[in-house]
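Student: Sequence:
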Amino acid sequence: MKEQQLPLPGFEEAAHAKKEIYIMDTSSIISIKEKFSQEDQRRIFQKLGQFALQGTIKCPPQVLMELKSYEGPEDEPLKWIKNFKSELIVNDPSLYEKAKEILKRFPSLVDPRKSREQADPYVIALAEILREKSNKVIIVSEDIRSRKKKISIHDVCRNLNIPCIQIEEFLSKIES
Numbered sequence: 163m164k165e166q167q168l169p170l171p172g173f174e175e176a177a178h179a180k181k182e183i184y185i186m187d188t189s190s191i192i193s194i195k196e197k198f199s200q201e202d203q204r205r206i207f208q209k210l211g212q213f214a215l216q217g218t219i220k221c222p223p224q225v226l227m228e229l230k231s232y233e234g235p236e237d238e239p240l241k242w243i244k245n246f247k248s249e250l251i252v253n254d255p256s257l258y259e260k261a262k263e264i265l266k267r268f269p270s271l272v273d274p275r276k277s278r279e280q281a282d283p284y285v286i287a288l289a290e291i292l293r294e295k296s297n298k299v300i301i302v303s304e305d306i307r308s309r310k311k312k313i314s315i316h317d318v319c320r321n322l323n324i325p326c327i328q329i330e331e332f333l334s335k336i337e338s
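Numbering of the sequence shown is given in the working numbering, commencing with residue 163 and proceeding in unit increments.
The hints are simulated quantities; they were obtained by calculation from the structure and are not laboratory data.
Treat the hints with care, as some may be off.
To be verified - Distance condition first, Cα-Cα at most 30 Å in a straight line; then the derived DSS-like pairs of lysine-lysine:
1. K312 to K230
2. K197 to K266
3. K262 to K310
4. K295 to K310
5. K181 to K244
6. K195 to K241
7. K311 to K262
8. K262 to K276
9. K209 to K266
10. K310 to K244
11. K181 to K310
12. K195 to K312
13. K260 to K312
14. K181 to K276
15. K266 to K230
16. K241 to K310
17. K209 to K262
18. K197 to K209
19. K195 to K181
20. K247 to K310
21. K197 to K241
22. K209 to K247
23. K260 to K180
24. K244 to K260
25. K335 to K276
26. K276 to K312
27. K197 to K276
28. K276 to K180
29. K311 to K266
30. K197 to K298
31. K181 to K241
32. K311 to K276
Based on the provided sequences and hints, a complete structural model is requested.
Tutor: This is the structure:
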């Protein structure tokens with residue numbers, strides 16, 4: 163009689179575990195510059211670089227475009243995203259179609275006063291795409307308060323059951 167082999171504790175759960183991916187929007191990346199000293203920024207972006215290399219942090223290409231329009235050439239956020247562009251930026255072919263669907267449901271996700279393309283619908287679209295591929299997705303955004311003519315990323319995430327956290331909570335998770 164052959165002895166039955168039982169799976170090692172935790173092995174079965176690990177085999178079915180979903181990969182946790184954080185999608186950072188422009189506001190969360192810029193907030194690092196606003197909230198932390200130069201020295202802390204370098205340390206934080208170094209840590210974020212490690213997570214980018216592991217595939218744990220992602221952004222749609224529109225976040226890079228927004229950072230280029232907000233930041234100067236020597237800013238830590240822009241240097242970081244350029245250094246890890248190939249690991250961070252996800253240019254999925256379905257991203258644009260999914261962003262259109264998001265905007266149909268939440269037209270006030272973009273600020274009507276801004277003429278350039280905005281990253282918010284693409285951040286949500288990327289989260290939906292990665293979630294459909296069986297990943298556990300969490301959006302990192304400082305856009306937490308809806309205004310009269312613009313709904314916040316946090317409110318859209320709540321409506322779509324996508325976890326959304328602010329930068330301080332995210333940093334405390336990755337530094338522990």
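Student: Could you run down the list of hints and mark each one as holding or not?
Tutor: Verification of the supplied hints:
1. K312 to K230: Holds: K312 and K230 sit about 23 Å apart, inside 30 Å.
2. K197 to K266: Violated, at roughly 34 Å.
3. K262 to K310: holds, 22 Å
4. K295 to K310: With a Cα-Cα distance of about 34 Å, the restraint between K295 and K310 is violated, given a limit of 30 Å.
5. K181 to K244: holds, 24 Å
6. K195 to K241: Roughly 12 Å separates the two Cα atoms, so the pair holds.
7. K311 to K262: holds, 19 Å
8. K262 to K276: It holds: about 17 Å lies between the C-alpha atoms, which stays within 30 Å.
9. K209 to K266: violated, 36 Å
10. K310 to K244: Roughly 34 Å separates the two Cα atoms, so the pair is violated.
11. K181 to K310: Distance ~36 Å between K181 and K310 Cα, so the pair is violated.
12. K195 to K312: holds, 24 Å
13. K260 to K312: At roughly 19 Å apart (the allowed maximum being 30 Å), K312 and K260 satisfy the hint.
14. K181 to K276: Violated. K181 to K276 sits at ~35 Å, over the 30 Å cutoff.
15. K266 to K230: holds, 27 Å
16. K241 to K310: With a Cα-Cα distance of about 34 Å, the restraint between K241 and K310 is violated, given a limit of 30 Å.
17. K209 to K262: violated, 33 Å
18. K197 to K209: It holds: about 16 Å lies between the C-alpha atoms, which stays within 30 Å.
19. K195 to K181: holds, 28 Å
20. K247 to K310: Between K247 and K310 the Cα gap is close to 34 Å, so the pair fails against 30 Å, i.e. violated.
21. K197 to K241: holds, 17 Å
22. K209 to K247: The hint holds at about 15 Å.
23. K260 to K180: holds, 22 Å
24. K244 to K260: holds, 25 Å
25. K335 to K276: violated, 33 Å
26. K276 to K312: Between K276 and K312 the Cα gap is close to 11 Å, so the pair holds against 30 Å.
27. K197 to K276: holds, 25 Å
28. K276 to K180: violated, 37 Å
29. K311 to K266: It holds: about 15 Å lies between the C-alpha atoms, which stays within 30 Å.
30. K197 to K298: Holds, at roughly 27 Å.
31. K181 to K241: holds, 27 Å
32. K311 to K276: With a Cα-Cα distance of about 12 Å, the restraint between K311 and K276 holds, given a limit of 30 Å.
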